[in-house]
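Novice: Going line by line, the protein sequences match chains W and V.
At position 223 of the first sequence the residue is numbered 223 (this note's numbering), and the sequence of numbers has no breaks.
At position 62 of the second sequence the residue is numbered 62 (this note's numbering), and the sequence of numbers has no breaks.
Since the hints were derived computationally from the structure, they do not count as laboratory data.
Backbone N, C-alpha and C define an ideal beta-carbon position, used for all residues, glycine too.
It is possible that part of the hints are untrue.
[Stated by the list, open to error] Pairs of lysine-lysine residues, derived as DSSO-like cross-links and limited to a Cα-Cα distance of at most 30 angstroms, are as follows:
no.	chain 1	residue 1	chain 2	residue 2
1	V	K106	W	K194
2	W	K222	V	K167
3	W	K76	W	K96
4	W	K194	V	K9
5	V	K167	V	K152
6	V	K167	W	K76
7	W	K45	V	K152
8	W	K96	V	K152
9	V	K132	W	K194
10	W	K96	V	K9
11	V	K167	W	K150
12	W	K222	V	K152
13	W	K45	V	K106
14	W	K41	V	K167
15	W	K205	V	K9
[What the hints assert, rightly or not] Example chain W residues on the side facing chain V (calculated, C-beta under 8 angstroms, incomplete):
no.	residue
16	L74
17	S114
18	A115
19	G162
20	F185
21	A191
22	V193
23	K194
24	V229
25	L232
26	M233
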Amino acid sequence: MEKSSSCFFSNLSSSLPITCFISFIAIILVRVLYVIYRTGKPLGKRAPQQPLSTLIVLGSGGHTAEMINLLLVLQKDRFTPRFYIAAATDNMSLQKARVLENSLADSSGVKGISAEFMQIYRSREVGQSYITSVWTTLVAMAHALWLMIKIRPQVVLCNGPGTCIPLCVIAFFFKVIGIRWSSIFYVESIARVKRLSLSGLLLYKLQIADQFFVQWPQLQRKYPRAHYVGCLM
Amino acid sequence: MGEAEDGVKPKRVVFVTVGTTCFDALVKVVDSQEVRDELFKRGYTHLLIQMGRGSYLPSKSTGDDGSLAVDYFTFSSSIADHLRSASLVISHAGSGSIFETLRLGKPLIVVVNEDLMDNHQSELAEELAERKHLYCSRPQTLHQTIAIMDLKSLLPYSPGDATPVAKLIHRFLGFPED
């Protein structure tokens, strides 16, 4: 009798690390499933009544122009403070965002700007070899994590540049481990008529975005969970 | 469209833009005698090329010899003024250039860069061409497009609207409707 009980306890203590590990994994899995379940559900009663800190991801080419078009019609005083992030090699986007924020400050007469402008390392430059891209992607993820820890946004607005992927994945991760619940909105670029971009495909399939918007009806037919909103430009 | 006695033709500028990209194939073909002659035949007097990061340099021309006047530059902080003073725009298939031009109501020929990998840009150009908002072309067929184009048949493009998206976002976040 005593032998079996001591045997039981010794078995338990040797398997304790394993038990802890399995429990830990199980908790994470349950939490991930919960986040996926709640993703896409309007905040409703959970909606905070104060302004929401907002991360806005900019990108070269038409991305920034489209984003600015969207920002012009949002209720600005509800999305504040605003954090703009662009790739380190993108010179024009942050400048355009600064112009927008300056004109907002001028028209509202508010002194000082409740906006910050940051640059992030790119996972991969156009034409870069895929082998070196592994390292640069890791660097970009680490940089994204650093920035996200500082910002911890409640709202993420993005529309396609590759820079948004590390940021959205980390936002999802923050939801899982309870650091910050954010609402992630993705607007696929107007240039995507029949096929989603790689960023769009990832965020759609992984169900990371809370709301996924497309600008052409062909995409809405192909991706039924997307909202068709017509052309923004 | 004959010349007046004092030799002053109304200035009609063709503005070519490649945005922030490198699109030597377009700059080269626009600089070719074929395309220059075709543009001149259609009544254009000036050709201004924004060549971006390309390495091919077009040959300038004052047009004094009764041909197209040609000039070029690499970048400008805003091409809006050049677009506004153009009678015809020939652009790469970047969405920024396309919509900036369409919103100004300028006739547009979009030339798709076939050297780009994963050419999603052509989707947008083809869709808008199907809806008759612009002409779509490849570098090799540009002179034909110029020869046969009927700019009056193009339909004006009504600017898009971001309010549907904004409404959905506000509703999701629980903001009261304004």
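Novice: State for each hint whether it applies.
Specialist: Taking the hints in turn, this is what the structure says about them:
| no. | hint | verdict |
| --- | --- | --- |
| 1 | V:K106 with W:K194 | holds (26 angstroms) |
| 2 | W:K222 with V:K167 | holds (23 angstroms) |
| 3 | W:K76 with W:K96 | holds (17 angstroms) |
| 4 | W:K194 with V:K9 | violated (44 angstroms) |
| 5 | V:K167 with V:K152 | violated (36 angstroms) |
| 6 | V:K167 with W:K76 | holds (13 angstroms) |
| 7 | W:K45 with V:K152 | violated (54 angstroms) |
| 8 | W:K96 with V:K152 | violated (34 angstroms) |
| 9 | V:K132 with W:K194 | holds (18 angstroms) |
| 10 | W:K96 with V:K9 | violated (39 angstroms) |
| 11 | V:K167 with W:K150 | holds (29 angstroms) |
| 12 | W:K222 with V:K152 | violated (35 angstroms) |
| 13 | W:K45 with V:K106 | violated (48 angstroms) |
| 14 | W:K41 with V:K167 | holds (16 angstroms) |
| 15 | W:K205 with V:K9 | violated (58 angstroms) |
| 16 | L74 | holds (5 angstroms) |
| 17 | S114 | violated (18 angstroms) |
| 18 | A115 | violated (18 angstroms) |
| 19 | G162 | violated (13 angstroms) |
| 20 | F185 | holds (6 angstroms) |
| 21 | A191 | holds (4 angstroms) |
| 22 | V193 | holds (4 angstroms) |
| 23 | K194 | holds (5 angstroms) |
| 24 | V229 | holds (4 angstroms) |
| 25 | L232 | holds (5 angstroms) |
| 26 | M233 | holds (4 angstroms) |
The structure shown violates the earlier hints numbered 4, 5, 7, 8, 10, 12, 13, 15, 17, 18 and 19.
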